[in-house]
Every structure is written in C-alpha cells, then in structure tokens.
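Novice: Taken in sequence, the protein lines are chains Y and V.
Residue 80 in numbering that gives the first Met the number 0 sits at position 81 of the first sequence, with consecutive numbering throughout.
Residue 307 in numbering that gives the first Met the number 0 sits at position 308 of the second sequence, with consecutive numbering throughout.
It is possible that some hints are incorrect.
Here are the computed lysine-lysine pairs in the DSS-like style, where the Cα-Cα straight-line distance is at most 30 angstroms [as the list claims (entries may be wrong)]:
hint, chain 1, residue 1, chain 2, residue 2
1, V, Lys213, Y, Lys81
2, V, Lys213, Y, Lys127
3, V, Lys89, V, Lys281
4, Y, Lys130, V, Lys179
5, Y, Lys81, V, Lys281
6, V, Lys294, V, Lys371
7, V, Lys294, Y, Lys81
8, V, Lys88, V, Lys213
9, Y, Lys127, Y, Lys81
10, Y, Lys4, Y, Lys81
11, V, Lys281, V, Lys294
12, Y, Lys130, V, Lys214
13, Y, Lys130, V, Lys58
14, V, Lys177, Y, Lys130
15, Y, Lys127, V, Lys281
16, V, Lys213, V, Lys294
17, Y, Lys81, V, Lys214
18, V, Lys179, V, Lys294
19, Y, Lys130, V, Lys221
20, V, Lys220, Y, Lys130
To be clear, the hints were calculated from the coordinates, so they are not data collected in a lab.
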Amino acid sequence: MIDLKEIRKTYGKGESSAEVLKGISVTIKEHSYTVILGASGSGKSTLLNVASGLERPDSGAVLYGGRDITTLTEDELTAFRKENIGFIFQQYYLLPNMNVDKNVKMGADLVGNREYRSLIEAMGLGGKMDKYPGQLSGGEQQRVSVARALAKKPRVLFLDEPTGALDEQTGREVLDYIGRLHQEQGFTVVMVTHNRNISEMADTVITMNSGRISEVYSNAVTKNAYEIGW
Amino acid sequence: MVVGIKDGAKLAGIMITSFCAVLVCTLFLNYNMDLVSMEDVITAGPARMMYDALMMTSKVVCCVTGGCLLATTVIMLFFYIRHYIDTHKKELGILKALGYSDMQVAVHFWVFGLRVFLGAGAGYLGASLMMPWFYGTQNADGMLPDVTMHFHPLLFLYLVVGPALFFAGAAVLYACRKLKTPALSLIRDNLWAEVKMPKHRAKDADSSFMAELKKCTLREKKILVFFMVFASFCFSAMTQMSFSMEELSSAMMGAMILLIGIVLACTALFLAITTVVRGNSKTIAMMRVFGYSRKQCSQAILGGYRPAAYMGFGIGTVYQYALLRIMVDIVFRDMEGALVYEFDFPVMCLSLGFFAVVYELVLYGYSQRIRKISIKEIMMEG
Numbered sequence: 000m001i002d003l004k005e006i007r008k009t010y011g012k013g014e015s016s017a018e019v020l021k022g023i024s025v026t027i028k029e030h031s032y033t034v035i036l037g038a039s040g041s042g043k044s045t046l047l048n049v050a051s052g053l054e055r056p057d058s059g060a061v062l063y064g065g066r067d068i069t070t071l072t073e074d075e076l077t078a079f080r081k082e083n084i085g086f087i088f089q090q091y092y093l094l095p096n097m098n099v100d101k102n103v104k105m106g107a108d109l110v111g112n113r114e115y116r117s118l119i120e121a122m123g124l125g126g127k128m129d130k131y132p133g134q135l136s137g138g139e140q141q142r143v144s145v146a147r148a149l150a151k152k153p154r155v156l157f158l159d160e161p162t163g164a165l166d167e168q169t170g171r172e173v174l175d176y177i178g179r180l181h182q183e184q185g186f187t188v189v190m191v192t193h194n195r196n197i198s199e200m201a202d203t204v205i206t207m208n209s210g211r212i213s214e215v216y217s218n219a220v221t222k223n224a225y226e227i228g229w
Numbered sequence: 000m001v002v003g004i005k006d007g008a009k010l011a012g013i014m015i016t017s018f019c020a021v022l023v024c025t026l027f028l029n030y031n032m033d034l035v036s037m038e039d040v041i042t043a044g045p046a047r048m049m050y051d052a053l054m055m056t057s058k059v060v061c062c063v064t065g066g067c068l069l070a071t072t073v074i075m076l077f078f079y080i081r082h083y084i085d086t087h088k089k090e091l092g093i094l095k096a097l098g099y100s101d102m103q104v105a106v107h108f109w110v111f112g113l114r115v116f117l118g119a120g121a122g123y124l125g126a127s128l129m130m131p132w133f134y135g136t137q138n139a140d141g142m143l144p145d146v147t148m149h150f151h152p153l154l155f156l157y158l159v160v161g162p163a164l165f166f167a168g169a170a171v172l173y174a175c176r177k178l179k180t181p182a183l184s185l186i187r188d189n190l191w192a193e194v195k196m197p198k199h200r201a202k203d204a205d206s207s208f209m210a211e212l213k214k215c216t217l218r219e220k221k222i223l224v225f226f227m228v229f230a231s232f233c234f235s236a237m238t239q240m241s242f243s244m245e246e247l248s249s250a251m252m253g254a255m256i257l258l259i260g261i262v263l264a265c266t267a268l269f270l271a272i273t274t275v276v277r278g279n280s281k282t283i284a285m286m287r288v289f290g291y292s293r294k295q296c297s298q299a300i301l302g303g304y305r306p307a308a309y310m311g312f313g314i315g316t317v318y319q320y321a322l323l324r325i326m327v328d329i330v331f332r333d334m335e336g337a338l339v340y341e342f343d344f345p346v347m348c349l350s351l352g353f354f355a356v357v358y359e360l361v362l363y364g365y366s367q368r369i370r371k372i373s374i375k376e377i378m379m380e381g
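All chains should be built: construct the whole structure from the sequences, respecting the hints.
Specialist: Right, here's the structure in full:
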C-alpha cells in the first residue's frame, strides 16, 4: 500500500514560483490498477515522480507499507527503487547503443533475472532481440521499455503517459500487454494519463486539477484495452 | 549567431596546451637563435662539441614537445568542434533551415582560433619573463662564451600569430565539413531515438548489461580513450623525465618539465572524464531511475578507461627512457666526461604510486558528481 500524506511541491522561488502539488493525500492499494487522470499542468506527473521516489516533496510523507521514503538518503532511495519500482515513460528512454536484449537486461541484471527473454517473447519481440532502438517502431520501442521495467520484477509499476507517443492501434497493444501482465503477475500499476478512456481500464481513478485531487473513484467493471474508446 | 566568444572560453584545454608548447619552444628557439649568432666564435674543441650538443638538444626538445603538443591541440580542437556541433545540432539546423550556408555558419568557429592566440600569447609572454633565468642557467657551466639574450619578434609571428591563424582556419574548415548534414537531420536529432546502429554487434549474448555498457562507452568515443592515454602518458613521461633532467640538465629544466607534465595530464584527464560523464548523463540518469547505485554507474561509465590510463603510463615510461637514452647516447656521445643515464626504477614506482592515487581520487570525485546528476532535469530534456 502506498500512502501519500499532505504532499506539497513548489517549483521556483519568489514571484515566479508555482505550487504544483497543494497538499495531496491519497492511498493506492496494493495490486491495484490505478490511473491518475488530469489535464496538462494539473500536477499528475509530479505526483507520480514524488510517489515513485524520483522527486522529493517539499513537505508531506510517502509511505510504502509504513516506511516513509521521503526521509531516505539518495543512495537509500536508489536501493529502494531497485527493489520495488519499475518505470515506463512516454519517451521510452531506451539506450540507443544497446540492442533489445541488452536494454531489457538492464532491468533483469538488477535482480538476477535469467528468464527475462521470456518477457521479450511475450511482448512479441522474440525475433528482434538483436535490433537496436533506432531499428524499431515506436510501439516496439515502448514494448521493449515495458519488458525492461518488468524484467526487474517490480512491486509497483509507474507509467507516465505510456501511450502518449503512439498511434491508437499500437497504444492499445501496449496497454493490453500491461493489463495482461498485471493480471498474471499481480504488481501494482500507477499510470498517469490525460486520456479519460484509458481510466476505464483501472479499478481506481484519481482525478487531478490544478495541483489538487478533485475526485477518487473506483470502477465496478473494468474494460480491456480493446473495449475502451480512444 | 550560435557560436560566440563565450563558447571559445570553454576551450581551456587548447589554451593550456598552446601555452605549454609556445613556452618551451620560445625558450629553446630564442636561445638557439642567439647561439647560432655566436657560431663563428666557437671554432673547435670541447666548446664546439658543446655547441653542437646544445643545438641538437634544442631541436629535439622543440620537435618533440612542439610536435606532440601541436598534434594534441589539433585533436583537441577537432574534438571540441565536433562536440559543439553534436550538442548544438538543433540551433545549427535551424540556421541552415533559415537559409544560412554551411560556410556562413562555420565561419563563426574562427573564435576557437582566438583561444590558441591567447594561450600561445601567454606562453610567449611567460617565456619572455623566464628568459633571463633560462639564459643564466644555460651559461652557468661556462663551457661556451656567455650567450647574450636578444628578443626575436619573428618568433612571435611563427609561434603565436601563425598557429592562431592556422587554428582559426582549421576550425572553420572542419566545422564546415561537419555541418554538411541536411538541416532536417540536425533539427530532428534526438539522443534517445538516434537512428544510429553500432558497427559492432554484441558477440556475447550472455554478457552482462554492465559489461556491455562498459564496452559501448569505450567504443563510441574512441577519442576519449586517446585523451585518457595521453593524460597518463604526459604524467608518466614528464614526471620521470623531470627527475632525470635534474641530473642531466638543470633543476630548472626538471621543474619546468614536471609542471608542464602535470598541467597537461590534468587538462587531458579533466577533459576526458568530464566529456564521458556529460555524454553519458542520460544513461546514468536512467540507470539510477532503475536502481543502479552510484558506484555501479561509475564503474560502467568510467571504469572502462582504467586499463587505457595505466597503459598510457607504461607507454610514457618507455617513451621517456627511450628519449633520454637517445639524447645521452647520440647527442652527448662525443663529449668528454659523457653523462651516464640509467633507468630510474624507484622514480618510476614513485610516479606510478602518485599517479594511481591522483587517478583514483579523480574517479572518486566524479562518482560523487554522478550522484548530483538531476534525474528529473535529464528526463525533461528527453
């Protein structure tokens, strides 16, 4: 369970400062599929960064099973991310000079996962192990980044607009992979998106507006990636 | 325009190598020119032999020091220009898209030559200040009539103005050549999605990510391996040579060589490591996001250069021994009471120990710097 308590975050100083998170408190249940929904500038990506330990809040606490990660040192935080967190970004951030196999191995080696190639196969990239990111389509690159994130067997998978740079068909494919793997492996999913349709796949939806949570609700029925609108 | 005087200010490495090269060459050439004017007075006997030996020494020192440093400065200049173009692709691409020709953009790279002028000018000035002291030391043995010091303005032209013009021209031409890329390719450049396939394919599919990353880092910037080798080479050759020079020539020569060696080594080491860390900041940021420790990042990115650094030290040791051996065996062979030169093993051990401490401390310092790389800022650049 992830507990965020009174999280505040301001960028800049003086007159040019902007308070991006204005006292956010929310709980994300273990094994849940949570979507953080909001318009551009609502603070959803900052909330994801704070919740995942990539950024420190100005005040407030981020509790993982009662342990406040905001009090950890930089090295402790890195070790925490190693053991618990996986990331998928809109821009993929694959290492351009490494092939698919080695990009995924980046995640796998951290936890000594020798079975990581089965993930690449599951992503439909079995025949492209030796390809470099520049030789792959956007959808394929994002699937590599999904495999890389899951190869380290995270307890929580954070996704920042994972379909933002993809067309509808490829976006649905990627979401379908993530949805199926979430069902199979049971990790917690926290996804940031501005696409309201995607929130129909989640069991919990947190809506943000101007640095505040405007609504938190649960979906009684969730849809899969091919049932939602786009 | 994209390239300005301020950008030239970053070329500290080029300034330092120009300074060192011109300092040494001015001292020896100026002395040589004054010595030549006394040739008629020195006719025979040990004085003639001493004269020939001094002339030869000056030529060897100028060729070796000047030549090595000139080559290094050229490599550094091209490296800086390439690095500058790589990191300013978008702005340069926009200029080209607006209609500026390659030459119109490239011509602004002349400012890089200005740094050579400043470095070389400072070297000339330094040599002029040191000149009375240098002449005093050279005259001290009394084997030749006292050489009177004269200033030779021609040297300023050859060693300061000439190289500055050469480097300004070389910078413009090299930049022009590097800019011959379609404007759109420059504008669209995205480091994360570069469509650039390595020539080398991973042969060992089961090698670890860290091992592969280490190999990739070394493969991609071979010039940095050169700088790393050069840094340790300078350190090794110059420190060891300075001790021998104290016996073979004078304490002043020893101190000068030691100083130049340390300055050059530090410059090259700083340049290489800073570029490695900056060039890999996105990889480091991503590794840290995933949970790789600072030590692991440092090992993967910087650790690969360690063998190159120690290899450079070895080459430097052999080089300085060979150079001094040649000097003693060939240049001074006919002189009475010829100098004796033997390889100084304790000095080599001392130099190696000091180098190891400095090198490892620098690496440690940079591994601390890796900790400060802002993950969020790197992501925002994406």
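Novice: CA of V/Lys294 to CA of V/Lys371, is that 30 angstroms or under?
Specialist: holds, 13 angstroms
Novice: Given the hint that V/Lys89 pairs with V/Lys281, does the C-alpha gap stay at or below 30 angstroms?
Specialist: holds, 18 angstroms
Novice: Given the hint that V/Lys213 pairs with Y/Lys81, does the C-alpha gap stay at or below 30 angstroms?
Specialist: Holds, at about 20 angstroms.
Novice: Sort out whether V/Lys179 lies within 30 angstroms of Y/Lys130, counting only the CA atoms.
Specialist: The given pair, whose Cα atoms are some 28 angstroms apart, holds under the 30 angstroms limit.
Novice: Would you mind confirming whether the straight-line C-alpha gap from V/Lys213 to V/Lys294 stays at or under 30 angstroms?
Specialist: holds, 13 angstroms
Novice: Checking one constraint from the list: CA of V/Lys213 to CA of Y/Lys127, max 30 angstroms. Satisfied?
Specialist: holds, 23 angstroms
Novice: Does the structure keep Y/Lys130 and V/Lys221 at a Cα separation of 30 angstroms or less?
Specialist: It holds: about 23 angstroms lies between the C-alpha atoms, which stays within 30 angstroms.
Novice: Below or equal to 30 angstroms on CA atoms is what counts here, so check Y/Lys130 against V/Lys58.
Specialist: violated, 55 angstroms
Novice: Holds or violated: are the alpha carbons of V/Lys281 and V/Lys294 at most 30 angstroms from each other?
Specialist: Holds, because 16 angstroms separates the two Cα atoms, which is no more than 30 angstroms.
Novice: Regarding the pair V/Lys294 and Y/Lys81, is the alpha-carbon distance no greater than 30 angstroms?
Specialist: holds, 14 angstroms
Novice: Checking one constraint from the list: CA of Y/Lys130 to CA of V/Lys214, max 30 angstroms. Satisfied?
Specialist: Holds, at about 18 angstroms.
Novice: Given the hint that V/Lys220 pairs with Y/Lys130, test it: the Cα-Cα distance must not exceed 30 angstroms.
Specialist: The given pair, whose Cα atoms are some 21 angstroms apart, holds under the 30 angstroms limit.
In summary, the structure is inconsistent with hints 13, 18 from the numbered list given earlier, while agreeing with the others.
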